[in-house]
Amino acid sequence: MAIEIPNAAYSGKIKEVPLGQEGKTITFGGETCYPFHLFEGAMPHPPKIAMEVYDRAPEEWPDTVMEPFADVAGDPVAWANKCIDSYGAEMIMLQLASIDPNAQNTSADEAAAIAKKVSDAVDVPLIVWGCTNVDKDTEVLKAVCEACEGKNVIIGPVQEGNYRAIGATAIGYKHTVVASTPIDINLAKQLNILLGNLNVPDDKLLIDPTTGALGYGLEYCYSVMERIRMAALTQEDERLQFPILANFAKEVWKTKEVKLSSAEAPLLGDQKKRGILMEAMTAQCVLLAGADILVMRHPEAISLVKEAIKDLMTTEEG
Amino acid sequence: MVVCIAESINIMSNTIGPAMKERNPKPIQEMAKVLADSGADYLDLNIGPARKGGDELMDWLVKTVQEVSDLPLSLDTTNPVAMEAGLKAIAKGRPLINSVSLQPERLEKGIPMVTKYNADVIGLLWGKEGMPRDANERAALAVDFIFQANEAGIATSDIWIDPIATPICVDINQVLSGLEFMSMLSEIAPEAKSTVGLSNISNGVPDDLRLYLNRTYLMMLMKYGLYSAIVDAYDKELIAIAKGERPEYLKLVHNIMDGNEPDPASLDKAELEHYKTTRVLLGKVLFSNSWLTT
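So the sequences go chain by chain: A and B.
Residues 0 to 317 (numbering that gives the first Met the number 0) make up the first sequence, in order.
Residues 0 to 293 (numbering that gives the first Met the number 0) make up the second sequence, in order.
Any given hint could be a false lead.
Stated by the list, open to error - 20 Å max Cα-Cα, derived DMTMM-like pairs, lysine to aspartate or glutamate:
1) A:K253 with A:E58
2) A:K309 with A:E299
3) B:K275 with A:E148
4) B:K283 with A:E235
5) B:K275 with A:E237
6) A:K249 with A:E59
7) B:K283 with A:E237
8) B:K87 with B:E66
9) A:K14 with A:E299
10) A:K271 with A:E237
11) B:K283 with A:E225
12) A:K115 with A:E138
13) B:K283 with A:D183
14) A:K12 with A:E218
15) A:K115 with A:E148
16) B:K250 with B:E236
17) B:K25 with B:D58
18) A:K253 with A:E218
Claimed, not checked - Negatives, chain A to chain B, calculated, CB over 10 Å:
19) T26
20) D84
21) D99
22) D183
23) K258
24) L311
If you're looking for bench data, these hints aren't it; they were derived computationally from the structure.
Here the structure is a predicted model, which means the values were calculated and not measured.
Cβ coordinates follow ideal geometry from the N, Cα and C atoms, glycine included.
Here chain A stands alone, though its shape is the one from the complex:
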């Protein structure tokens, strides 16, 4: 007797969101099936990886991930160019980590100037990310919106506490926003509703459901992401039908497991390989849960994941 493969019944579709400057946009979303279930539907726009660039030279990174960027750290433009020219980055995420009041507390004007310089230097879609402090992010990201006018920059994190101010400014300068919620599907839906009520257009919105590192709560993040996709595709939950951004590189690269040297933790294996695999495995998991944009750091982890995406997108027909 022939085996009948059960097919999921889909009733929804992820909205298509074009990112990047006019004429150079890359479109995300458009899925009509669960991740890589190409036998059930379509994934017209495969997931892509955004490489991280930091506004200042990072201080606490393990050497294993600092090494590829040692020559460009402290110069965000050079760093972004290296990601694109040497590592083939398809997108850049500028992490404005130094604006944090508990870090260097870089001013809004200074941060906006950095964002502007990077946005002028790169053609790929640019994500500009704050420090998650609601008040400081409001001040800085509003300035970034203004400085980068017309570039369709992707602005985040937009949270419950600052969605009005940042959302309204982003609409004014025609940027895309990333709605960020703490691993909770109901809150994710609610923030998307609020941003919709504020008149953020559907093609200017991404979801950041919060992503932890492998071994650090990834299973919860996976589950929320998976449920977002299920609600979007099988329950026609219109306010969850947006591409998902997974911002996990900074989570992976601060764990104990990537920081311990090979000598300190011989049972954990080679430190460099360990960190690369931690990042690549985290990426692989969120890909299967439904992420469209992966924010990553180590070039070798990135090439592993790019290869995996290519394999997963291959169908029998070729």
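Put chain B on the given structure of chain A with help from the hints.
Chain B alone, transformed into the frame defined by chain A:
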């Protein structure tokens, strides 16, 4: 008709908590009178874990409330010494012990008090391993609880099974398993009664929206013959639902549960609220705080 246990005399309350600590009877007695007038059938006296001086507090509280109210009392504490002090102090009405779970130490100390003080008991389906994960685990815990209580000489009809209501914004699947279990209870133990901490369903939701969830959830549980509920007795509409005074809404909600969906365009404002709320409580639509307006 659902027996209403009023939840408001609670140590967590901003007015009642301090009154309990200061042994100030007035706010408590005033509240007891208002709750009785609102249609409460029982008053729940919740003193929390009450680790220190719980016995003296419960004794005082029972006497204070019984000075102004003839309603039977539900004694709500996890401290067995305080529970016993309250049971001893009760002068009128058959008491309700809220609650005994299946955790061994709670069972061991709680069960003997049920027979000794001729009380009813809420059997909380909280097992050795904590919260049951689905309807079947709830069923297993219910059978276990009833068996152990029967062994100790407690009649099944004196047991009020509480399947544990959990907030809709924590895990909809738990809400669904609670409902599924309630649909099974009458077959598992036809004589057993039931109750549920109704307001838990809306925990974490903005205050002005909680009553919508509480009301519709009550009607959903009534489909399965819910015997009683621990409720916010200040919500007059909720009490009216419990007293069987809203048959048209009840029918609407039960129809939706049976898969007979009305045309939303044909519904008036209140019906539409019940319609939308039933759908989020059934998991047909994912809950968010904007569920009534989207």
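Verification of the supplied hints:
As the CA atoms of K253 (chain A) and E58 (chain A) are separated by approximately 12 Å, the hinted pair is consistent with the 20 Å bound. Distance check on the hinted pair: K309 (chain A) and E299 (chain A) sit about 16 Å apart at the alpha-carbon level, within 20 Å; holds. Taking the CA atoms of K275 (chain B) and E148 (chain A), the gap is near 41 Å; set against the 20 Å cutoff, the hint is violated. Between the alpha carbons of K283 (chain B) and E235 (chain A) the distance comes to roughly 10 Å, so the proposed pair stays at or under 20 Å and holds.
For the proposed pair K275 (chain B) and E237 (chain A), the alpha carbon gap of about 16 Å is at most 20 Å, so the pair holds. Pair hint K249 (chain A) plus E59 (chain A) holds up; C-alpha atoms about 11 Å apart against a cutoff of 20 Å. Only pairs whose Cα atoms come within 20 Å are accepted, and K283 (chain B) paired with E237 (chain A) is accepted, the gap being roughly 13 Å. Simply put, K87 (chain B) and E66 (chain B) have alpha-carbon atoms about 15 Å apart, close enough for the 20 Å limit, and the pair holds.
As the CA atoms of K14 (chain A) and E299 (chain A) are separated by approximately 31 Å, the hinted pair breaks the 20 Å bound. With a C-alpha separation of about 42 Å, the suggested pair K271 (chain A) and E237 (chain A) falls outside the 20 Å cut-off, and the hint is violated. A threshold of 20 Å between alpha carbons decides the hint, and for K283 (chain B) with E225 (chain A) the separation of about 17 Å falls inside it, so the pair holds. Between K115 (chain A) and E138 (chain A) the alpha-carbon distance is near 16 Å, which keeps this suggested pair within the 20 Å criterion.
Only pairs whose Cα atoms come within 20 Å are accepted, and K283 (chain B) paired with D183 (chain A) is accepted, the gap being roughly 18 Å. As the CA atoms of K12 (chain A) and E218 (chain A) are separated by approximately 25 Å, the hinted pair breaks the 20 Å bound. For the hint linking K115 (chain A) to E148 (chain A), the alpha-carbon distance of about 9 Å falls within 20 Å, and the restraint holds. Restraint check for K250 (chain B) and E236 (chain B): the C-alpha separation of about 16 Å stays at or below 20 Å, so the hint holds.
For the suggested pair K25 (chain B) and D58 (chain B), the alpha carbons sit about 16 Å apart, so the restraint of at most 20 Å is met. Proposed proximity of K253 (chain A) and E218 (chain A) is supported: the alpha carbons are some 18 Å apart, at most 20 Å. Taking the minimum C-beta to C-beta distance to chain B, about 26 Å, the non-interface status of T26 (chain A) holds against the 10 Å cut. Every Cβ of chain B is farther than 10 Å from the Cβ of D84 (chain A); the closest lies at roughly 43 Å, confirming the non-interface assignment.
Consistency note on D99 (chain A): stated as away from chain B, and its beta-carbon is indeed over 10 Å from all of that chain's, at 29 Å minimum. Non-interface status of D183 (chain A) relative to chain B is broken: a Cβ of that chain comes within 10 Å, the nearest being about 8 Å off. For K258 (chain A), the condition that its CB be more than 10 Å from all CB atoms of chain B holds, with the nearest at approximately 34 Å. The Cβ of L311 (chain A) sits about 27 Å from the closest Cβ of chain B, beyond the 10 Å cut-off, so the non-interface label holds.
Hint compliance for this structure: hints 3, 9, 10, 14 and 22 are broken, all remaining hints hold.
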